[in-house]
Each structure stands twice: as structure tokens, then as C-alpha cells.
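Keeping their order, the protein sequence lines are chains A and B. Following this note's numbering, the numbering of the first sequence begins with 1 at its first residue and continues without gaps. Following this note's numbering, the numbering of the second sequence begins with 1001 at its first residue and continues without gaps.
By construction, these hints were calculated from the structure, which means they are not laboratory data. Keep in mind it's a predicted model, so treat the numbers as computed, not measured. Hints may contain errors.
The calculated EDC-like cross-link candidates involving lysine to aspartate or glutamate, where the alpha carbons are at most 16 Å apart (straight line), are [claimed, not checked]:
# : chain 1 : residue 1 : chain 2 : residue 2
1 : A       : Lys-17    : A       : Asp-77
2 : A       : Lys-38    : B       : Glu-1105
3 : A       : Lys-44    : B       : Asp-1031
4 : A       : Lys-38    : A       : Glu-98
5 : B       : Lys-1003  : B       : Asp-1082
6 : A       : Lys-99    : B       : Glu-1014
7 : A       : Lys-99    : B       : Glu-1045
8 : A       : Lys-44    : A       : Asp-59
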Amino acid sequence: DAMVIQNPRYQVTQFGKPVTLSCSQTLNHNVMYWYQQKSSQAPKLLFHYYDKDFNNEADTPDNFQSRRPNTSFCFLDIRSPGLGDAAMYLCATSREREKLFFGSGTQLSVL
Amino acid sequence: DAKTTQPNSMESNEEEPVHLPCNHSTISGTDYIHWYRQLPSQGPEYVIHGLTSNVNNRMASLAIAEDRKSSTLILHRATLRDAAVYYCILRTPWETSGSRLTFGEGTQLTVNP
Chain A
1 DAMVIQNPRY
11 QVTQFGKPVT
21 LSCSQTLNHN
31 VMYWYQQKSS
41 QAPKLLFHYY
51 DKDFNNEADT
61 PDNFQSRRPN
71 TSFCFLDIRS
81 PGLGDAAMYL
91 CATSREREKL
101 FFGSGTQLSV
111 L
Chain B
1001 DAKTTQPNSM
1011 ESNEEEPVHL
1021 PCNHSTISGT
1031 DYIHWYRQLP
1041 SQGPEYVIHG
1051 LTSNVNNRMA
1061 SLAIAEDRKS
1071 STLILHRATL
1081 RDAAVYYCIL
1091 RTPWETSGSR
1101 LTFGEGTQLT
1111 VNP
């Protein structure tokens, strides 16, 4: 049974057209993360939520925003996608100090 | 975050043990050593973690050097399903960096039938 669910599996958007990726969890974990993974590279942490507290990485572009309306859901908003934003976006959850559980990711293409 | 160094790639034969090394010479006394792996077209999955003592679980064993400057992930009998990128990660204490987990480059493990 899927515990961290990302929809859609594949997302195509146009250059400059806002796009939202979604993540939901059934684990009731208080921490949720968003990672960006480009081809043949390691996942790169964009930001994470500890409960409702938002923690942005210093090098995450302003073009990337996030919302967490409740414990179960978290969204990644890309305000004006560029060609360089094409990547796999991974959502993960954890309880504090414990291991992370990852979703299968959303592969974003920018045309 | 302290840095880890892993070989880019390794090969193994099916049903043989695999030893995946990781160097972390700048590790601090409170950093935990974590291993995750990522199978093709999937998100990473947790494998094992430890602080000072060697650790075993159903997936693997983790051997940690006495000075903690290196560690080795051991897969006791590799299967074709173990072909993946293996990431060695140092996780700083919760009190220092909150929840962050940052990935290094990882080792691509190929398992030959």
C-alpha cells in the first residue's frame, strides 16, 4: 500500500506556465520534504516542513514555493518553470529523527 | 554538512557479498551515518543507519570504523534486485539542523547474473 503518494507520475508544462505538484501521506508524519532530482544526479533538498514550520534551503530559487494545508498534504508550486526545472520531484515524510519515506516522484517536463 | 566520498560505481555477481565503502573524514561526534538506496525509476528507500557500533537489519549490515572516518555497507548476498544507487549520508543531530537529510553522489551498484 502506497504511503507517500505523488500525483501525477508525469507532468508536462509549458515554459513560464505555473505548475503545482502534489504529495499526500497516510503515515501521519509531522515532517514533509521536497527534493529535486535531475538526470544522473543525486536528490537535492529544496525545502521541508516541520509541522507547519517552513524551512527553505539557502540555494532554493524563489521560483519554487510550497504549501502544506494540513498534515497529510503538501504542494510544490513552480511559479514560472524554465527549461532547467525539468526534473524528477520527490516528496518524502518522516517523524522527527526517524527514517524518511519517499514517494515515487513526479517527472516534470517543460516544453 | 559534513561530506561523504563514495566510488562512482561498483560491480558484483549475484549471490556474492558486496561491500560498499564510504569515507567521511570530517564527521563530527554526533553525526549519524545513514544509507539509502534508489532503484531505477523509484524514490530512495532507507537501508540502515548507525552512530558508532556496527548494525544489522534484514536488508544489510553497517560496519563503522573505530575512528568513524569511514563505514561500509554490506549486502550479504547480492540479488539482481539490489542493483541501485547507494547513498551514504551523514545526518546531523536534530537539534543542530532540524530534519534535514542531504544526499551525496552515491555509488551505482551493478549486479551481474
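Hint by hint, here is what the structure shows:
no., hint, in the structure
1, A/Lys-17 with A/Asp-77, "holds, 11 Å"
2, A/Lys-38 with B/Glu-1105, "holds, 12 Å"
3, A/Lys-44 with B/Asp-1031, "violated, 20 Å"
4, A/Lys-38 with A/Glu-98, "violated, 26 Å"
5, B/Lys-1003 with B/Asp-1082, "violated, 25 Å"
6, A/Lys-99 with B/Glu-1014, "violated, 28 Å"
7, A/Lys-99 with B/Glu-1045, "holds, 9 Å"
8, A/Lys-44 with A/Asp-59, "holds, 10 Å"
Hint compliance for this structure: hints 3, 4, 5, 6 are not met, and every other hint is.
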